[in-house]
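Asks: What follows is the residue order along each chain.
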Amino acid sequence: MVSAFASQVLSRRQLIQSLAAAIGVVDPAAMRRPGKAAVQAPAYAASPNLATPPGPVRWLQKATFGYCYSEFAAFAALPGGTDDARWTNWVTAQLNPAAINDSACDARIAAGGFTTLGKTLPQLWSQHHAEVNNYNLRMQPIAEIECATTIRATYSKRQLFEVMTDFWHDHFSTYGWDYDGGPMFVHYDRDVIRPNVFGNFRTMLESVAKSTTMMYYLDLYASTVAGPNENYARELIELHTLGAENYAGVMDPTDPSLPAGVIGDGLTARLKYVDEDVYEATRVLTGWTIKNGHWQFPADNDGTFVFRDSADWHDRFTKYVLNRRFAPDQGQQDGFKLFDLLAAHPGTANFIARKLCRRFIGDDPPAGLVASIAQLFQNTWQAPDQLRQVTQAILLSSEFKNAWGTKIKRPFNALIGALRGTFAEFTPTLATYGTDYPTKDEINSRLQQAGQRKFYWPAPNGYPDRAAAWASSGSLAMTWKLLVRLTEIRREVGYDGARPYVIDILGFTSAAFPAAADRTAANIVGYWCDVILGFRPEPVYTKAVDFLRQNAAPTEALNLNEAWAGGATPNLKNHYTQSRLRSTVALILCSPDALRR
Amino acid sequence: MFDRRDFLKTCGAGSGALALAGTSKLAFGAAQANSYDTLVVVFLRGGMDGLSLFSPGGSNANRGAYETARPILKVPLSGAGAGLAVSGDQWRLHPRAAQLRDLYVGGKLAVVLGAGMPAPVTRSHFDAQVNMEVGLAGQGGGIGWLTRVLDSANLPGTVQIPAVSAGSITSTSLLGSTETITLASGTDFRIDSGSWAWNVEPDFRTTAPVGARGLFSVLPELWTPSGDFEAAGRQTLDALNVIKPIDFPGYVPANGAVYDAGSSFAQQLKMLAQLIKRDVGLRIATIDLGGWDTHDGQGNPANAYDYFGSKVEELSKGLGAFYADLNGSGAANYASTTSVVVMSEFGRRVRENDDGGTDHGYGNIMLALGGSVNGGQTFGTFAGLSTAQLFEGADVMVTTDYRRVMSEAVIRRLRNPSIYYAFPGYSGYTPLGIFQGTDLPPTGNDRIFANGFQ
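In order, the protein sequence lines correspond to chains A and B.
So the first sequence is residues 59 to 655, counted in our numbering.
So the second sequence is residues 298 to 751, counted in our numbering.
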């Protein structure tokens, strides 16, 4: 049976091949074709023969929003006799962002005409959340945060801070355009996430819980004794702290098979959570709400956090979470105790250590490093600079330094990396120009097609951080399309030829090679490889040179013209060379070496 | 064994011939639709409230318990927002599911009761989705269950597009498949955003000097080295090449079908309908509709505020248009070779919460739609809504393993018996009779055959 089957297949395959050969073509345009494996495990490994850039280039690619030449120059000027010493100094400086002069980036934002970024929480509440007729005005805070986030990711010298802000926004992910959360998003980004990025996890956890944005997103504001709502409590445990890896499912909490152990506070607790813990944590957090003009308290209406201790709001009876007893009548202390319990729990330490290592090292980071980072996380759970210590330990580890090409830049990272690598001029604002389609809107739309517009992930688990998600044809193709477009798009209004390009490719090329005789394909491609990639990998370098030179020699100076050179005997080296130069840069931006980290 | 259409496409190899692929059937005067079936899996992300989409009707013994548990949210039997009675008023479809009601009454839509994943029980969205889509308890493997269906499907050696995952990110059920195209929009899926002068044939323009090669035709040369990322890049280039010749904007749905322009779900169904009619070999498609996690403010069809109802309407209109578009006669009867299965990761708590919403539950319904579905009826048993009949006194009991429904679709419609390979650890399959088709003894996978191509 089996052999007959196989021979039938073989004969059909031979028939197909002979027919194809007779026609003289091989069809590449089929997803299933002979000789191609149908299944490839999504486990992601870099090629063993991967061209590897120098250490500082690798490290900057991974710890910033993308390698850029000025960052590299600043790195090279740091004190220290070796790259390793300079790297330690770079990390130390980046971990103290307040001491980094970021005036140029601040000036860009100041010039952007934003009006909500400095508003207090009550101002956001009264001027935006209360706005029910003008949707754009209501959502202006999230729209401005989206702009400011792009500007900072591209231009801030506090790159590690921006990268970690991105990480923690993913960890405590909310949908930015939520009808209730969007108007308050300035508060969420500015006052909840950013101040704690190098601070203490327990502090950030409580700050998130109290935030108007998260209160609405996961319904905690409405959770009362009479109407407990378990949405937040479930994601608090599953996504923010212990993680699904520590979920034992629907089980009796007293089941003897559930392990217990000593946690960070020196006392024992159950190590795995069950559904009963979600329900009990829900009870613990009843009464945590906001001043939203509730009918019982109409005068309390400024959007700020409030704990309501009355019998109909907060559940006053005894509760048990992870085998810990919560005594009756403890009011808001119940919640503080819950956050302490979760923040000191080894399950949280492991879950977050693994996520952090996944971000910087690889989809399945080395267990030894994860264990040591988790131990540090737990040991420092009460330290005000816990996350600074943890981030530092990861970035100075040999695992971080040695890993290369184990991750794919996600679309937002790919966009920002391309902007940084090409000295681009892109300062998105809310300004509109009549009925034109602003460049900011086009780029955000293309990011959305690629699968990662910022603050646009609908579910509370945040954007995926595994290669399998971003190596999909849908995401990768739309990322390429965005990057190619980036070499053609104009500032402010993408199609308005009167405005300068976002990337001044011709200008930088001419400036790099002021003598016309130096403008050879080899020189020009070498320059753009250096500034975008930090090295000149093959086959990218040679293929880009071939495309740019056409029928010229690699070392022949090109006339950077913009004219038709077709006709009966086309001379392609003179055919629309400025356009070809832009497409050459697009090729480099779309190369695997530009998109891995 | 031998698929004439796929064979024909191979004979007509080359991008020029691709444009003709959809017409091969006419040229040979075939009097039927595709010679293979397409299975479309719709995943309602967030935990769809099956008790609102398909509520106990006036003659259903569970009506009293339902009304007790759902004082605010219940779909009424009469007056504004009354549910649409089916099966002798045993059940009511949501009033904004008019298209689904028509399909049910017309015998094309069936409802599976008490459907879900028997074990492990999880009320985590993300755990539940991964468990179901990987087709394994405990999330192992990282290969989707539909990937294993494709892998064991005994397909011809050359198929243009065996599978599509509609969206930007591949659905977990198709993870690991190298034959799947992930795309959110066929219209957008082309690298034509470069400079006009070098966006040339064989890319997108025809007015270019002889010998000029555009950016898109040079791009593959950068992605030749070995390595997983480069392989993913080549996979993406394959997909772009396959999709490029297809005129998505020019597609005109048949039979007056109207896909809502504002619904990406409807637009993606339209894209799938076009690919099915184009006879590109599509066996499997996945498509998502999210927004069902209604902990708060679920709404009620009797009121002006009806959030859940607007989601139902999007689902119903989309599927209604899809079926109508495919439901031609003779060679245009694609509905008979297309089956849609609608699922969600779990149902919602029977008792509504105090915020006008429902929390995470367990058992749910599944929908099966298609010209070869034994519609107009329910399948499986409903354990009931009294406290003793509920799972942990709170949730609809799972009485039908979702794998049983999927297995029947795979065997009877895709004619692939390898369900124990698709669902490792699954055993004891018997059909419920949801789909028309021939039963095959269920098996694991014949790995020797699968390796025969290599």
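No wet-lab data here; the hints were simulated from the structure.
Just so we're clear, the structure is a prediction, and the values are computed from it rather than from any experiment.
Misleading hints may appear alongside valid ones.
Unchecked claim - Pulled a few chain A residues facing chain B out of the computed Cβ check, cut under 7 Å:
id	residue
1	Gly171
2	Leu175
3	Asp277
4	Asn289
5	Asn304
6	Ala385
7	Arg412
8	Ser530
9	Lys539
10	Ala570
11	Ser637
12	Pro650
Ideal placement from N, C-alpha and C gives every residue a C-beta, glycine not left out.
Asks: Name the hints, by number, that the structure is in violation of.
Replies: Structure breaks hints 1, 2, 5, 6, 7 and 10.
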